[in-house]
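Undergrad: Here is how the chains run, residue by residue.
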Amino acid sequence: MEFRNIINLLRQLQQVKAPSNFEADLMRRINSEKFSLQNTFWQTIFIPSRMIPAAALAVTVVLLVIVLNNTAVTRENPFSIIPKERQDVTLTLKADNTVPVKQIKTDKIEPVEKNKVELKSAPSVETFGLQKDEALRSESAQTTEGYEKTAGAPAEVNLPEKKLTKPFLPPTQLTENESANVTFASGKISVYPVNKAGLNFRQVNPSSQQKIEINQLKEKLEQMYKSKLK
Amino acid sequence: LTDKNLYELTDEELILEFQQNNTVKAYEILVERYKNPLTNYIFRFLGDYEACLDVVQETFIKVYRYKDSYSSIAKFSTWIYTIAGNLARTEYQRRRRRKFFSINAYGEEKDEIFEIPDESYRPDQLTDSGIKDEIIQKAIRKVSPAYREMVILRDIQGLSYEEISEISGIRVGTVKSRINRGRAQLQKLLEDIYKE
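First to last, the sequence lines map onto chains Z and W. Heads up, the first sequence is in this note's numbering, so the first residue is 138 and it goes up one at a time. Heads up, the second sequence is in this note's numbering, so the first residue is 2 and it goes up one at a time.
Derived from the structure by calculation, the hints contain no laboratory data. The reader is advised that the hints may include incorrect statements.
For lysine to any residue, the following SDA-like pairs were computed, each having C-alpha atoms within a straight-line distance of at most 25 angstroms [what the hints assert, rightly or not]:
#1 W:K143 x W:A52
#2 W:K68 x Z:W179
#3 W:K76 x W:L7
#4 W:K177 x Z:N142
#5 W:K143 x Z:R148
#6 Z:K154 x W:I132
#7 W:K68 x Z:E160
#8 Z:K154 x W:G131
#9 Z:K154 x W:K133
#10 W:K177 x Z:R141
#11 Z:K154 x W:A147
#12 W:K63 x Z:K365
#13 W:K100 x W:R149
#14 Z:K154 x W:K189
#15 W:K76 x W:T91
#16 W:K189 x Z:R141
#17 W:K68 x W:R34
#18 Z:K154 x W:T11
The model shown is predicted, which means the values in this text are computed figures rather than measured ones.
Okay, chain Z solo, but in the shape it has when bound (with noise of 0.2 angstroms):
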């Protein structure tokens, strides 16, 4: 073993022995030493070393709030922005209020010479509903390259509502309180004009094949309403 002869030096050490009186001095000042065995809880609290540490941290963290508190950099929280308002949005609301449930060319589509709409930057547009909102949109995509930038930078638009000498009718003629009743294959129904007020609308670029969908969807309507008018 390689640390025998260690191991017996050690062993081989006298044992030190406490003294004879030890019990008696130990008696004595657990006698003399009056023991906190009957300290409440706030007495062991309220004790300087403890109080001292704990009123430093204390005011270290008050502190670090303080500090922190001024030099946080303020983040709105994007849920309770308020989105902007949008001036394709805001074009068709002045122009009429409504949005036609169905929009038509037809022969009864009046100019709208008569609701003129100037655009600084674009063409001039010549319809309302969404043949304008598609104006503007290749209009922005023209200034703007993308929707992205058009929110945050949307297109001046001047609407002289005052040259508005009529107010513009979609296809179906009917205003806001009225309805028409249109046959579907499961049953009939009515349909009301949309209003626009207080609704917020995301800008979509369908694709090739959406747009030809949206066609079709937008004949089948115009010969259902054709046919119910006739």
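Given chain Z, put chain W in place with the hints provided.
TA: Frame of chain Z; chain W shown alone:
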């Protein structure tokens, strides 16, 4: 329980008796059983008899004061050795700091090397075996405190590795390696003695 019966109880039963019924006699029996082993352990660690007695007394006072914190799942010897070891380490560090500052203060004034006088080693009062013990004790004190504690508990107090592990809160493997390193240091320091 009569006094005679109390002497027959184990350490764990005695401390439980002291906890539950506040039987001071049970506490006194525990003091009687552990005063010498603890004195030996602390003295070997600190190397100062007066300081050692203070630490041992403080240990028993803590046992008296915090008897309720003893849990019956642990061995009483492990618990009391842990208390004593903690107090001894605190005392050791306190004394080392005090020595360091006193040496520094002296050196600044006199601008010369100051050596701490070792008054404990007095050959005129010691027999041959006493001298040998003294040399060994001095060598033990030169061993690193972390290793020293382990060597004392194992080779002088005769505790098992598992008990030492529990007392010091270190894994058994670490305990063994520390003991071996401590022994190696001692062997180097006591080369001349064990060759005799």
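Undergrad: Next step is simple, just say for each hint if it's right about the structure.
TA: Comparing the hints with the structure gives:
With a CA separation close to 18 angstroms, the supplied pair W:K143 and W:A52 stays within the 25 angstroms bound. Among the hinted pairs, W:K68 with Z:W179 is consistent with the structure: their alpha-carbon atoms are about 22 angstroms apart, no more than 25 angstroms. At roughly 18 angstroms between alpha-carbon atoms, W:K76 and W:L7 fall within 25 angstroms of each other, so this suggested pair holds. Between W:K177 and Z:N142, the direct Cα distance comes to roughly 18 angstroms. Compliance with the 25 angstroms bound is thereby established for this hinted pair.
Under the criterion of a C-alpha separation no larger than 25 angstroms, the hint pairing W:K143 with Z:R148 is consistent with the structure, at around 18 angstroms. For the proposed pair Z:K154 and W:I132, the alpha carbon gap of about 18 angstroms is at most 25 angstroms, so the pair holds. A C-alpha spacing of about 18 angstroms is found between W:K68 and Z:E160, which places the hinted pair at or below 25 angstroms, so the restraint holds. With a C-alpha separation of about 15 angstroms, the suggested pairing of Z:K154 with W:G131 holds against the 25 angstroms cut-off.
Only pairs whose Cα atoms come within 25 angstroms are accepted, and Z:K154 paired with W:K133 is accepted, the gap being roughly 18 angstroms. About 15 angstroms separates the Cα atoms of W:K177 and Z:R141, which keeps this hinted pair within 25 angstroms; it holds. Distance restraint check for Z:K154 and W:A147: the Cα-Cα separation of roughly 24 angstroms lies within the 25 angstroms cut-off, and the hinted pair is therefore satisfied. The hinted pair formed by W:K63 and Z:K365 fails the criterion: a straight-line CA distance of about 101 angstroms is larger than 25 angstroms.
Between W:K100 and W:R149, the direct Cα distance comes to roughly 20 angstroms. Compliance with the 25 angstroms bound is thereby established for this hinted pair. Distance check on the hinted pair: Z:K154 and W:K189 sit about 28 angstroms apart at the alpha-carbon level, beyond 25 angstroms; violated. Straight-line distance between C-alpha atoms of W:K76 and W:T91 comes to about 23 angstroms, which keeps the hinted pair within the 25 angstroms bound. For the hint pairing W:K189 with Z:R141, the CA-to-CA distance comes to about 14 angstroms; that is within 25 angstroms, so the pair holds.
For the given pair, W:K68 sits about 17 angstroms from W:R34 by alpha-carbon distance, which is consistent with the 25 angstroms threshold. Distance restraint check for Z:K154 and W:T11: the Cα-Cα separation of roughly 22 angstroms lies within the 25 angstroms cut-off, and the hinted pair is therefore satisfied.
In this structure, the earlier hints numbered 12, 14 are contradicted, and the remaining ones agree with it.
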